[in-house]
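Participant: The task is simple: from the sequences and hints, build the whole structure.
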Amino acid sequence: MKIAITGGKAEADFLIASLKEHHKLAVINQDSEYARYLADIHSIPVVCGDPRKVYVLEQAEIERFDALVSLMPDDADSLAVCQLAKEKFNVKKTIAVVTNPRNVELFRTFGVTEVVSSAYMISQHLVQLSTLSSLVSSFSLENEKIVLTELDVSSGSRVSGLPVCGMHLPPHVIIACIIRNGNMIVPDGQTVVRTGDRLVVLSAAETQNKLIAIFMPETDSI
Amino acid sequence: MFGFLSGKKQKLAVVAGASRFGTQVAGIFSGKGYEVVIIDTNGNAFSKLADNFEGLTIEGDASDTFVLEGAHIKKASVCVAATNSDSTNSLIAQITACVYMVPGVYCRLSDAANTDMLTRSRIHIICPSDLCLQEFERQSGLEDSRGTL
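Listed in order, the protein sequences are those of chains D and A.
Count along the first sequence from 1, then add 166; that gives the number in our numbering.
Count along the second sequence from 1, then add 1; that gives the number in our numbering.
Keep in mind that a hint or two might mislead.
Estimated spans, in silico, between C-beta atoms of each pair [said to hold, decoys possible]:
no., chain 1, residue 1, chain 2, residue 2, range
1, D, Gln225, A, Glu70, 49 to 57 Å
2, D, Arg202, A, Ser78, 45 to 53 Å
3, D, His189, A, Ser130, 36 to 44 Å
4, D, Gly277, A, Pro129, 20 to 28 Å
5, D, Gln225, A, Gln135, 27 to 35 Å
6, D, Ile312, A, Glu70, 48 to 56 Å
7, D, Val358, A, Glu60, 57 to 65 Å
8, D, Ile351, A, Val100, 45 to 53 Å
9, A, Ser130, D, His208, 34 to 42 Å
Pulled from the structure, derived: some chain D residues nowhere near chain A, Cβ distances all over 10 Å [to be verified]:
no., residue
10, Ala176
11, Tyr203
12, Val213
13, Glu253
14, Ser284
15, Ser303
16, Phe305
17, Leu307
18, Glu316
19, Asp318
20, Ser321
21, Ser326
22, Gly327
23, Pro336
24, Val352
25, Ile378
Looking from chain A toward chain D, a few residues come up when the C-beta cut is under 10 Å (computed) [claimed, not checked]:
no., residue
26, Asp62
27, Thr66
28, Gln95
29, Ile96
Just so you know, the hints here were simulated from the structure itself, not pulled from any lab data.
Using N, Cα and C, we set each Cβ at its ideal position, and we do this for glycine too.
Facilitator: As structure tokens, then:
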């Protein structure tokens with residue numbers, strides 16, 4: 167893929183280093199000193215100029231690119247660059263990195279393909295972590311190769327209402343028992359799991375994450 | 002003051018950016034009987050407002066939806082994006098026209114190279130350099146000979 171990286175300093179440097187092996191890259195950067203530094207260490211084409219200007223994007227031949235990433239420090243500038251690339255140069259994919267998390271959904275409605283905000287991602291991640299910690303507790307056996315996981319079936323969990331055989335469990339997983347209203351049930355394939363059940367599950371350590379994912383409420387998936 | 006909060010039918014104008022243009026536009030709306038809210042990130046910029054300005058000033062980033070909501074943008078009948086950044090004005094104009102459905106949205110741009118998208122959203126563009134050029138052509142009488150220059 168041909169990707170243009172506009173603006174940014176350390177983030178631009180990092181992105182270039184991680185993408186240059188498999189993609190054709192070009193850089194547009196306003197800071198002439200930093201632009202020269204990027205050109206020197208990565209040996210990729212660099213245009214020094216303001217990516218918000220049509221003539222700078224023309225000079226970079228931006229219409230030949232499949233994607234553009236904007237790392238401008240001001241969110242409004244990132245939106246301007248992405249919209250310009252899309253509207254005037256028909257760049258299919260635009261990616262904006264923003265600082266205000268409220269701009270994530272806003273910029274998508276204004277036509278930016280992907281909008282990334284670290285604060286937004288951290289909050290999503292923490293929400294998921296806190297949901298997880300309230301639902302899961304686990305215990306390792308046999309040098310942490312085998313884990314015993316306790317999983318609560320919350321309302322909205324994907325498995326609620328499904329029989330055990332319909333849960334598509336990964337291999338090396340056994341539901342040891344279901345605790346329902348304080349009573350223990352040893353399930354077979356036909357036993358239907360309900361909201362409020364607590365499942366005690368024995369599995370290989372490496373399948374634990376897959377297992378937890380199956381039990382997560384649908385709305386919490388990222 | 003602020004009859005729109007108490008349900009009195011008075012029109013609200015939100016001006017984003019206390020630039021020279023922004024403060025004068027705020028004064029015009031105020032003089033025409035509008036309720037006016039003017040927003041700027043720099044509180045000192047409000048000193049450009051006329052002494053008899055009766056509107057509300059908000060120190061904040063007008064391209065942030067929280068700040069705009071604090072300015073009652075949902076009730077506004079007109080919004081003027083008059084900060085000194087084209088990108089910020091374009092963003093404010095798009096938010097107010099497309100998200101808050103403000104009927105009259107005006108956007109000042111010093112470089113009017115990418116305006117198709119804005120005009121599609123019924124945003125009025127005001128470009129000082131274009132106006133300057135038109136006025137030059139008019140005053141110099143060169144507009145009739147356009148193309149022969």
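Participant: Evaluate each hint against the coordinates.
Facilitator: Hints, one by one, checked against the model:
Taking 49 to 57 Å as the suggested C-beta distance range, the pair Gln225 (chain D) and Glu70 (chain A) does not conform, at roughly 40 Å. Separation of Arg202 (chain D) from Ser78 (chain A) is about 50 Å and conforms to the stated range, judged on CB atoms against 45 to 53 Å. Remark: the range hint 36 to 44 Å for His189 (chain D) to Ser130 (chain A) is upheld by a beta-carbon distance near 38 Å. Roughly 27 Å separates the CB atoms of Gly277 (chain D) and Pro129 (chain A), a value that falls within the hinted 20 to 28 Å.
Between Gln225 (chain D) and Gln135 (chain A) the CB atoms are about 29 Å apart, so this pair conforms to the stated range of 27 to 35 Å. Range check, Ile312 (chain D) to Glu70 (chain A): Cβ separation about 53 Å, and the 48 to 56 Å hint holds. Distance hint check for Val358 (chain D) and Glu60 (chain A): the Cβ-Cβ separation is about 59 Å, which falls inside the suggested range of 57 to 65 Å. The supplied range of 45 to 53 Å is met by Ile351 (chain D) and Val100 (chain A), whose beta-carbon atoms lie about 51 Å from each other.
In this structure, Ser130 (chain A) and His208 (chain D) meet the distance hint of 34 to 42 Å, their C-beta atoms being roughly 37 Å apart. Non-interface status of Ala176 (chain D) relative to chain A is upheld: no Cβ of that chain comes within 10 Å, the nearest being about 22 Å off. With a least CB separation of 25 Å from chain A, Tyr203 (chain D) remains clear of the 10 Å interface cut-off, as annotated. Consistency note on Val213 (chain D): stated as away from chain A, and its beta-carbon is indeed over 10 Å from all of that chain's, at 17 Å minimum.
Remark: the non-interface label on Glu253 (chain D) conflicts with the geometry, its nearest Cβ contact in chain A lying 5 Å away (cut-off 10 Å). Every CB of chain A lies more than 10 Å from the CB of Ser284 (chain D), the least distance being 17 Å, so the non-interface label holds. Listed as a non-interface residue, Ser303 (chain D) keeps its Cβ farther than 10 Å from every Cβ of chain A; the least gap is roughly 38 Å. With a minimum CB-CB distance of about 45 Å to chain A, Phe305 (chain D) clears the 10 Å threshold, and the non-interface call stands.
At roughly 50 Å, the least C-beta separation between Leu307 (chain D) and chain A is larger than 10 Å, which holds for a residue marked as non-interface. Listed as outside the interface, Glu316 (chain D) is consistent with that label: its C-beta sits roughly 41 Å from the nearest C-beta of chain A, beyond the 10 Å cut-off. Distance check for Asp318 (chain D) against chain A: the nearest CB is about 36 Å away, which clears 10 Å, and the non-interface claim stands. Under the 10 Å C-beta cut-off, the non-interface status given to Ser321 (chain D) relative to chain A holds; the minimum distance is some 31 Å.
Against chain A, the non-interface label of Ser326 (chain D) holds: every CB pair exceeds 10 Å, the least being about 36 Å. For Gly327 (chain D), the shortest C-beta to C-beta distance to chain A comes to about 38 Å, beyond the 10 Å cut-off, and the non-interface label holds. Here Pro336 (chain D) stays apart from chain A, with its beta-carbon at least about 42 Å from theirs, past the 10 Å limit. The claim that Val352 (chain D) lies off the interface holds: its Cβ sits roughly 54 Å from the closest Cβ of chain A, which is beyond the 10 Å cut-off.
Remark: the non-interface label on Ile378 (chain D) is consistent with the geometry, its nearest Cβ contact in chain A lying 35 Å away (cut-off 10 Å). Checking Asp62 (chain A) against chain D: minimum C-beta separation of about 8 Å stays under 10 Å; hint holds. A cut of 10 Å between beta carbons decides the hint on Thr66 (chain A): the least distance to chain D is about 5 Å, and the hint holds. Given the 10 Å rule on beta carbons, the hint for Gln95 (chain A) holds: about 6 Å separates it from the nearest Cβ of chain D.
With its C-beta approaching chain D no nearer than about 7 Å, Ile96 (chain A) sits inside the 10 Å limit, and its interface hint holds.
When held up to the earlier numbered hints, the structure conflicts with 1, 13 and fits the remainder.
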